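Place chain B on chain A using the hints.
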Amino acid sequence: MSTVAKPSKASAAGISADALIRMYRQMLAIRLFEERVNDLYTRALMPGLAHLYIGEEAVAVGICEALRDDDYITSTHRGHGHCLAKGADPKLMFAELLGKEAGYCKGKGGSMHIADPATGNLGANAIVGGSAGIATGAAFASKYLKTGQVTVCFFGEGALGQGVLYEEMNLAQLWTLPVIYACENNMYNEYTHFSETTAGDIIARPAAFGMAAEIVDGQDVRAVYAAASKYVERARRGEGPAFLQLDTYRYRGHHVGDIAREYYRPKTEEQHWVGQRDPVKLHSEWLTSEGIADKSTLDRITAELTADMDAAVEFATSAPYPDPSKVDDDVYA
Amino acid sequence: MPETVVGSTHASTVKAREIGFGDAVREAIAEEMRRDPTVVLMGEDVAEAGTTFKVLKGLVEEFGTERIIDTPISEPGFTGIGVGAAMTGMRPIIDIMFGDFMCLIMDQVVNQAAKIHYMSGGKWKCPLVIRATMGATRRSAAQHSQSLHAWPSHIPGLKVVIPSTPADAKGLMKTAIRDDNPVVFFEDKISYTTVKGPVPDEDYAIPFGVADIKRAGTDITLVGTSSMVQVALGAAAMLEEIGVNAEVVDPRTTWPLDEKTLVESAKKTSRCLVIDEGYFRYGVTGEMASVIAEGAFYDLDGPVRRLGAKHVPIPFSPPLEDATVPTERDVFELARQMCNR
Chain A
-5 MSTVAKPSKA
5 SAAGISADAL
15 IRMYRQMLAI
25 RLFEERVNDL
35 YTRALMPGLA
45 HLYIGEEAVA
55 VGICEALRDD
65 DYITSTHRGH
75 GHCLAKGADP
85 KLMFAELLGK
95 EAGYCKGKGG
105 SMHIADPATG
115 NLGANAIVGG
125 SAGIATGAAF
135 ASKYLKTGQV
145 TVCFFGEGAL
155 GQGVLYEEMN
165 LAQLWTLPVI
175 YACENNMYNE
185 YTHFSETTAG
195 DIIARPAAFG
205 MAAEIVDGQD
215 VRAVYAAASK
225 YVERARRGEG
235 PAFLQLDTYR
245 YRGHHVGDIA
255 REYYRPKTEE
265 QHWVGQRDPV
275 KLHSEWLTSE
285 GIADKSTLDR
295 ITAELTADMD
305 AAVEFATSAP
315 YPDPSKVDDD
325 VYA
Chain B
5 MPETVVGSTH
15 ASTVKAREIG
25 FGDAVREAIA
35 EEMRRDPTVV
45 LMGEDVAEAG
55 TTFKVLKGLV
65 EEFGTERIID
75 TPISEPGFTG
85 IGVGAAMTGM
95 RPIIDIMFGD
105 FMCLIMDQVV
115 NQAAKIHYMS
125 GGKWKCPLVI
135 RATMGATRRS
145 AAQHSQSLHA
155 WPSHIPGLKV
165 VIPSTPADAK
175 GLMKTAIRDD
185 NPVVFFEDKI
195 SYTTVKGPVP
205 DEDYAIPFGV
215 ADIKRAGTDI
225 TLVGTSSMVQ
235 VALGAAAMLE
245 EIGVNAEVVD
255 PRTTWPLDEK
265 TLVESAKKTS
275 RCLVIDEGYF
285 RYGVTGEMAS
295 VIAEGAFYDL
305 DGPVRRLGAK
315 HVPIPFSPPL
325 EDATVPTERD
335 VFELARQMCN
345 R
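Respectively, the protein sequence lines represent chains A and B. Once you know that position 56 of the first sequence is 50 in this note's numbering, the rest is easy, because the numbers rise by one and skip nothing. Each number in this note's numbering comes from the position in the second sequence (counting from 1) with 4 added on.
Just chain B, with the same shape it has in the complex:
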């Protein structure tokens, strides 16, 4: 199969269409289901409803209810089925409507899927994809708004994908489905409706563990993940106006992590700010900042700084909720301070 690395920095070199974030996910799943009959997708209201976000609309018409499978509201139950089916010849995609429901399936993911390959001395494989959502500011309150991608990133045996653009979402979803390991794939809910972008017409897949430089710059590195890539790009435009040329780096996968690109960018710019929508404490920003600090210490002008979700349960009321997530203004202000402007 043709495999081309396509990131947004060089997507313009190939023939492309403009599509939405969710459309890209659906296209990847549909194309993989056409090429591999062992790929099935199951979850709550994924068939005729096409998920609560309508992301999978139309798939059941093409693939039927044998392959796009509505389940009871029973996350551990159908995730467990995914684990067993993955071990015995299939490539299931499990749809977890809200990432908050990861809490319900942690035994299946952490104790079962992540460990069976190692525990069996490499004999069993578990080519399973868990699709989950992340991201706040939909006024959905504390149990439908969390970004819990740090959790699976902590577990050996799992791979974790957090795409920020349609092109990345499509190419990384294809890699996730073809991977022989359990992969947790987080889609930002806000991006379904707000993010559009060019997606190559050709068949392509993006390898895991390869960061993408979304904006090249010289004065400061802004490492952004998922929805925070758009925030970092917005902040970079504001920084431009005050004469600061920011580089925006998107790791795209928290594991495997492209440590080399993060460190090299920080060495080049000598300043680094990491932004992620997960809870700040013991999270993705802490890990990435430490990787960068260890690798680029002698080239840095100051400590690596971090911005993440406030350490509170996500509140419902709009002004309260908006105060929990890093904004372009937050990133701009901190970056400006770091650059002594």
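Chain A on its own, in the form it takes in the complex:
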């Protein structure tokens, strides 16, 4: 990810053409990655659980495009998109998802715990709201050590039920910490609509702490990038945290096995989001209509990514499992 939009001949919405195309590439990479996760899982090649990010790609990509390489993120159980958007290598991601030694965490973390210091990824977290402390602590360290880094704490609207999130928001605002709370509102806490779990307005929560906040269309990658850039740079200047409510939609189930969903959400709702509000499609149409990228460019990107992802899956499936003797390693530093 680059910090500043690179100079380019074409520019739209104040964003360079390179950045606009890169965001398309990143969103598509996540989409293709997740489709392969779904395939591996349903073919029983992937152990454990798989929570797909399909439909929410613009949120991770728009935000991470606004970050420096050394900025930090914390992620969630639905975290593949955040990790990839922050620069993770799909080969090492797939290897980790399959429990292989070559994976990011030597197979010890799996889908819900991808972590990588090299890309500033403090770790995906399988406790809902569980990373709010780590993210805010990283922001505390950045401020204390004067490194200029910003941390983004990704979480779903389900985390709004967790008290620790509000403790961290209180501390971040009190101590003017450089952290962005990115609330991905995909509307469903597992199998329950958020209106059944969330009293009042989401955006009233940061307001109660006097925290800068904004509601953003999470299907519009340019809008996400614009809002993220504004608040990330503000935090970097030492002006404190912000809260973004990113309205989005989880196309698939809570996890891959959640197929019969009509008891908690109507098919027509899914069809509306998939058909009318798809972030990858919306951005690709915009890129071509603005003359920033033609169809052949986008087709070439699709072909490249498809080959990359297939190669990554091949790498992971043929990689060896860790030797059982490694089970005792890494308990203590």
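Wrong hints could be hidden among the right ones.
[What the hints assert, rightly or not] Using C-beta positions, here's what the derived DEER-type ranges look like:
1. A:T192 - B:H158: 32 to 40 Å
2. A:A327 - B:E52: 50 to 58 Å
3. B:D205 - A:P41: 53 to 61 Å
Honestly, the hints are just simulated from the structure, not real lab data. In this text the structure is predicted, and so the values were computed from the model without any measurement. Don't be surprised by glycine CBs; every beta carbon is placed ideally from N, CA and C.
Relative to chain A, chain B alone:
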């Protein structure tokens, strides 16, 4: 840095001063803060107030409010900040005023701090110290009196320290701050006001997992932890009067645990009694007794016995509370019985 192993058995061989238990903790923190600018301490009323026990009095004057940081009453919140800051270049010390409040921070400690190193395949480290208190008989009732050190001892990825003397507290606190792992450090509240002892003048640190023989003996091994070391020493003096020479062993850390010293002492004396102030059931005494039984079985004259806190919420009323914690008399009576005296 010079690192010398100093236990009370040989503390007399080096130049030492007599200081209190809390003073020793404060000295260790101050010295580590002088040598490492990434060490900060945060908690409720730790700065100008110097904690409710006044243990940290004076630190804010030397290090300022940037490093001795008062927090809201928000234990999970500031513990979470400690975890994240520890992962990103700092060595935070988190002050948990009463060990009972460990209940509030268990997700941060158990699911986050303890696991990030392993879950990340060894990539992230979490050099965090959680200071918490333990110990009953302050008439503080059920939510300010518990000794919950068995809980973190149960969790892989954590180290747990339970010092009994000023010299141990200082040397072990230094090791805790320098350690690259999350360490939970339990200080007995009663010891703040009742325990004084010699502390070496020189810079020293005590490694984890090394038990200290607080009193050498031949007839029975009394394994004591934290405040129960003083109780065991008191009982040993009473046993002496009836001709029983007791050895008092202080493990000093519940994890890592110096299994070798515990087993060797039990083999030598052939009788062993383990005393701990935590709840009796599923606790520290059970673990240590089983380690000793497995390692010294054929050298023992009888089963390893245990004394711990009564399995009741700690009551307020003084005679009730006093009945919950093992006393010198309890230890003496049981040890005497074990020695057939």
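> Going back to the hint list, which numbers does this structure go against?
Replying inline: 2
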